[in-house]
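Novice: Following the hints, complete the assembly by docking chain B onto the known chain A.
Now for the letters of each chain:
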Amino acid sequence: MIHSLFLVNASGDIFLEKHWKSVVSRSVCDYFFEAQERATEPENVPPVIPTPHHYLISVLRHRIYFVAVIQSEVPPLFVIEFLHRVVDTFQDYFGVCTEAAIKDNVVVVYELLEEMLDNGFPLATESNILKELIKPPTILRTMVNTITGSTNVGEQLPTGQLSVVPWRRTGVKYTNNEAYFDVVEEIDAIIDKSGSTITAEIQGVIDACVKLTGMPDLTLSFMNPRLLDDVSFHPCVRFKRWEAERILSFIPPDGNFRLLSYHVSSQNLVAIPVYVKHNITFREGSSQGRFDLTLGPKQTMGKAVESVLVSSQLPRGVLNTNLNPSQGTYTFDPVTKLLTWDVGKINPQKLPSLKGSMSLQAGASKPDENPTINIQFKIQQMAISGLKVNRLDMYGEKYKPFKGIKYMTKAGFIYINWRLLCSSSEWTLAHKNLY
Amino acid sequence: FSGNSCDATSAPQHYTSLITTLKTNSGIFSVLRNEDLKEMLESSKESLKLEAMKRIVGLIAKGKNASELFPAVVKNVASKNIELKKLVYVYLVRYAEEQQDLALLSISTFQRALKDPNQLIRASALRVLSSIRVPIIVPIMMLAIKEAATDLSPYVRKTSAHAIQKLYSLDPEQKEQLIEVIEKLLKDKSTLVAGSVVMAFEEVCPDRIDLIHKNYRKLCNLLVDVEEWGQVVIISMLTRYARTQFTSPWKENNEKAFYDSEEEKKDQVEAKPYVMDPDHRLLLRNTKPLLQSRNTAVVMSVAQLYWHLAPKHEVSVVTKSLVRLLRSHREVQYIVLQNIATMSIQRKGMFEPYMKSFYVRSTDATHIKTLKLEILTNLANEANISTILREFQTYVKSQDKAFAAATIQAIGRCATNISEVTDTCLNGLVLLLSNRDETVVAESVVVIKKLLQMQPTQHCEIIKHMAKLFDNITVSMARASILWLIGEYCERVPKIAPDVLRKMAKSFTAEEDIVKLQTVNLAAKLYLTNSKQTKLLTQYILNLGKYDQNYDIRDRTRFIRQLIVPNEKSGALSKYARRILLAPKPAPVLESAFKDRDRFQLGTLSHSLNIKATGYLELSDWPAVAPDQSVRNVEVIEPVKEWAPSVGKAKPPKQDDKFYSDSGEDDHEEEEGEEGSESSSSEDSSSSSSDSSSSEGLSFCVCIWVNIPTFGPVKSHELLHHMTGKGLSARYHFPRQPCLYQPNMVAVQVTLTNGSDHSLEEIHIGDRSPASLNLHCFNTIERLEPEASVTVSMGIDFSDSTQAANFQLCTKDDQFSVSIQPAVGELLMPSSMTEQDFCKEQGKLLGMNETSATITLAAENSSSQSLSKQVLSVANVGVVSSSENNIHRFAGRTVSSGALVLVTAESRESSTALLTINTDKSIMASMLLRDLKQALAQA
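Residue numbers (the UniProt record's numbering), protein chains in the order written: chain A, 1 to 435; chain B, 1 to 939.
If we strip away everything but chain A, and leave its shape as in the complex, we get:
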């Protein structure tokens, strides 16, 4: 399965290598660097690269390439999923997954990788188990360890490894028993120039932070489970129960985990909670263009739209912009032509707007395309799909836990795409006019 792992930073240096079978020379990465050079953007490096004797499968996270070396047939998703799990684990352990963090904790990284794979086959990937085997480094523990010479490495096999609930630590104890659930939804939509929605999808996750003593058995039920079109579960959720009763029943892992991700289908009508009025024009022959953008809320059930961020890739011909935001700050990068406007909160009484002019390259012809506009925002206390948690019950333990549920809506990406206004029939017309 996975033969070796190389970590490559943005500038193309290998800063960590780990081998699970015999050593593979790092020169194998040359094929990867070649592909990297060929790609215009870092994201464009193909995830699977064949070389004469090996295959390279890579993922890019936090500007680090995780390159796995494979020698024979294996499902590529198997490797990709595992690499992402490695990144998640690092993030979990060190807070961030950067080159510096990995270099500082190289011993813990090595111990983790050693536990996660045996002979290239995943062994322990469940964070609750890993944390029992290797304790995450904290400043206090590092201090204590250097003085007392004690270690981060557990001596016993975590019992979870053998039990039927491998995701939960045993002997969990808290003085305050709490269970929090965050329902976070993201809208992903494409809107055309006239404001009508081309596609809109809602995908949501329920992230949980459960700190409960002992072996609690939880059930979570929804007011309107029919909304959920497609779901994927953490392994702790009993699937049969969901199939039969639409109730989530599970013994939770300890700490933070993603209980559920779901999808509200595009067949349902999705109300986009903001609207954009825009007028971006370039005139033929003039070196000036006009830029006018206004945002407003709609269908937010009285909740405030916060952390609004508008970005747009302006055409190459634009030299500079001279814009005036009614609120927030805007930046324009003349090299990448990226315009970003950090709006902040939308006040329904006084709608935020960004107006002004753009200067174009002298003599350049009018850009033939209008830029796409991306919008991101957050709405607290609301799940846009209308999903509501009905109740949370706990069985198996005697105490009364504190329960909390939070809702949030985010715009993953909303694109205002400047669709061509002429339809295919107009194409024909235009062609006829040519002659």
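Please keep in mind that the hints were generated in silico from the structure rather than gathered at the bench.
Yeah, the Cβ is synthetic: ideal placement off N, Cα and C, and Gly gets one too.
Heads up, some of the hints might be wrong.
[Claimed, not checked] Facing chain A, a subset of chain B residues (Cβ under 8 angstroms, in silico):
no., residue
1, S236
2, K320
3, T366
Specialist: Frame of chain A, contents of chain B only:
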């Protein structure tokens, strides 16, 4: 060192000085640095050694060579400090191959650790031992693997499955022996082992399909509870297995007819109706829930299983889940889109409702965009083509030019596939010729060329238009395409063609090679059709070509000249020049790049790369006739037949419910799991007996019979009161496990507690009476501290009688006579049998072998559940599943002689019940009846 500098500052005084010297020296003399590390490793301070090892691991991680330190490192292999030990392991595995002789020094440490009572240590010893790639130790590894494969801890067994693959890659000669181990491990019921052993199977002997037969149903049933990585491996193995063992569910020939003709014709069309093998159905049913897994690899592997195994109309259940994966990471999207692209060629309908999910976003990476485009093109049909074309028009305007070019190609494909829109597309593409962007124009020209070739009639307008644009186009591929077009259809544009050639003659030397070749081509074709106007031009161009720097062009020029210009040397060929050059050419086929990918199994690396990867296993075709189905039958040991499809609906709810499996084999695991905590707690008590007690703890785990639940706390009896025992007290209970020492003994656990104020020494068993009493004693307990207690196990052969076993419990100073009086129910072992077998056996034990009585049940015991609970608490028997609600059957065998004891309880109205016991041990029967009566009558 820079990375560790902060550690160094917080380090205690006694070695900061050493580190400072290290820091000053580092980078100047690397030899010296190694010397210092060596010195640290050889010091007596654990912390210093650990620090050194951490630095060495840092070096390994950076890819620096640290092999020089091997002798110094390997000395620490037996260290007590577990972190130090682990780091040494890391080092050893990395360098053992280079330093084989020195590595051998460490082997004995691992051999010792393989016998350690702690399963984690046993497992990690095996892991490292098998990772040391030194051929000399192959026999030792083989032995260790065989031993670990029968270990009590499933975790160790899992490790041994991994070790099989390592040994196989080190020495393929061991294959036969390894297959034997694999065969044994395949029978393992633990979910922990299943994935790893199937992995080993796939690596060592994927062709030994016969090993799977007996385990097929078990694997299917365990699947949902196996860890996610194991699931992927098992599913892909089962896909291959199913393709060799079941007949095709695809009704190839009459599928169309079948669907058109609805229900009534069904019977006529199908002469021999296809019936799916229940095992085939079992696999499909048990994998379906895994589509909801959070692990994308699992979802993909189920999707490919359905694609390759399910009847055509069932495949679409995977669509939604695959589309869901598109919201995962970029790399996941890439692989999933590739697979969808292959699927969408064959089955448009599957993904058409989700077309919008494949709309391109401006933030997608280029390879994602191209794949989405591919899928959209595959999905295009008469109904949705206008939507798709509108979408494509936006893409053409994309700033990502490679993508815009790909879009134009896609438009071309739509145009050829759907004849209704060919003209629209062609016109649209012509419109793009006036686009400002060069790549867009070039790509359009290339695609237009292909389209025109397919239907060259009345398109001279377009060719003329392109000729006009020719001067403005600079991309060589596009120029070459236009030249080719003009040459090919020169008779349709007789006025323009010579003019274009004139222009080309002027600029010939400055053109790219590909344009030059096409110019020569154009010249030759014009020479043949219109030699009057172009003869001179052609000769001029041929002369230029003759002295070109590129040999391809020189070569082509020479060839063309010989072909078209008649002279005395030219042979018969020139007569055919016209037929050679102006032959009608077949139109190119614009088809998907994923057309031929379906030769590979979906979801594989080979599919992703479209090359056969090393180790790719072909998916065989369905057999025409199904091989023998009975090979998968297993003798049923469990009382519940959970696999039988006929009982699918009537399955007990408990089995249906299992998502965390809660059937027998897992109880087994849980027992094992407790072992860890048990031994740790006894280590805490830090008595000298800790070793023996933990090893005893280990042996308790051999419980094979665990599907018989024990209810409530086990009743424990007093063996010795602390007043009579001078402080030593003892209690015993029957754990109801098969005895380890001899099968005809009853297992007894004795808990010894020291209630006195001084420690007791040498606790052991002395004389026994009757002297013939067959008794397995516990090992002498050297020392028992005050307030401490220890549990030991012993085995007693009661010879199926309730006569008490008398023996003496001795300490160093005293002797106490004690006796264990077993209840008759404890002299039994549960026996599992089916209802039919039960009735058959009962039939043999009638007459004087039958004892029965009618009793009045206490109100609490009237329900069937509490009734069987009471019976089980009295006697160690097994429940026989019964088809009648009011009759409860229990079966057991006597421990010593193995005689059958069958208990039937038939509850009747007004809370009475008829108890019947059939056995040839009539004394036991009456005693058992008495006990049962008592238990059932009292509250």
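Novice: Are any of the numbered hints broken by this structure? If so, which, sorted upward?
Specialist: none
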